[in-house]
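If you're matching them up, the sequences are chains A and B in order.
Just so you know, we're using the numbering used here here: the first sequence kicks off at 83 and counts up by one.
Just so you know, we're using the numbering used here here: the second sequence kicks off at 17 and counts up by one.
Since the hints were made in silico from the structure, they are not lab data.
Honestly, I wouldn't trust all of these hints.
In the BS3-like style, the derived pairs of lysine-lysine whose C-alpha atoms are separated by at most 27 Å in a straight line are [said to hold, decoys possible]:
| # | chain 1 | residue 1 | chain 2 | residue 2 |
| --- | --- | --- | --- | --- |
| 1 | B | 185 | A | 119 |
| 2 | B | 97 | A | 88 |
| 3 | A | 88 | B | 144 |
| 4 | A | 88 | B | 185 |
| 5 | B | 97 | B | 140 |
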Amino acid sequence: MKPNSKQISNRLREQLVDARDSLLTDDELEQLERDVKAHDPQLWKDHLWMVEQAQIGVLSRFSDLREEQPAKGAIGRFHSRRQAEGGTQADLEFLVWSWFRRYVLTVGLVLIVLLTGWQMTSTDEPAGDIRDQMTRILGGEQEQIPELDHWLYEDL
Amino acid sequence: MRPTPLTEHELDRQLPEFYPRIYRMVRAMVYGSGLDPEDLTQDSFLKVYKKRHLYNGTSSLYTWTYQIARNTVLDALRRNKLQRRIFFWSEAETDPDEFSANESGDEALDRREQQQVLRQALAKLSEKDRLIITMRDLEGMSYDEIAEIENLASGTVKSRLFTARQRLKEELISMGMDPGSD
């Protein structure tokens, strides 16, 4: 399949980065220059700017930034903070929590599912049993509570 | 895969080597945002110590640490941006040594001023562009390392890097840096 313009542009950008890293031979570089200029001359100008600035211009200041060090005693302050925030105690809490999450919650969920399933099958009683129970609880005879029959069985 | 979990002792041993590198990345990322790079570096390492049992050795310890720091910084920047929007905070406090490129006009910029201009231009880029330039140009990480951290193909890293550098160029020029100037 023929690459589209964006794919060509991305491939040229990749190669320009290789060129800046001096990974191309002279022939490859010449070919790349031709290809880039044919596709988008601005890319080549940008490349030349980047190369120049990396050698003698503002982009060469990255090497200064690379030398930068954290403030004196930073690692000591980090260890102090770590101690202050619990250190090994916090680690232990984290481990206990992850253990709890992994095992206790999983087992709990399985139990809930099993119990719910068991309860659903075991409560499948005939409607008459419920009626007897309600009668016993309310202390009345069946014929004395027709309204109970009404709301108790209307959906059954 | 690691046969044994990463110990605190191992991390203690690597800390002096990792800390300055992570700090530089954090500082470059939060420059001009008002966030404290030292606090954020510490936050990152606290997470590394806490989550060390999750390190499985499939990537280098430094890459793994860097990923945690990267995520910590990006989260902090997002929260910071959101807070600024919610509370209508104005411009972020700037670093005490921050320099305005406009003040110097066409005068030749000395080394220190150039560093500050570079930091300011980086701060104006999107987080994605800033991060990729920081990883490659500031930290000197390999394309494979960056690809692993960003979960991208190595070629994609290069094309994105080129695009990010183009945007950096535009920012530098808009700040008064003549493309041909030293």
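Status of the hints after comparison with the structure:
1. 185/B <-> 119/A: holds, 19 Å
2. 97/B <-> 88/A: violated, 32 Å
3. 88/A <-> 144/B: Answer holds: residue 88/A to residue 144/B is near 20 Å, not above 27 Å.
4. 88/A <-> 185/B: Distance of about 21 Å is within 27 Å: holds.
5. 97/B <-> 140/B: holds, 14 Å
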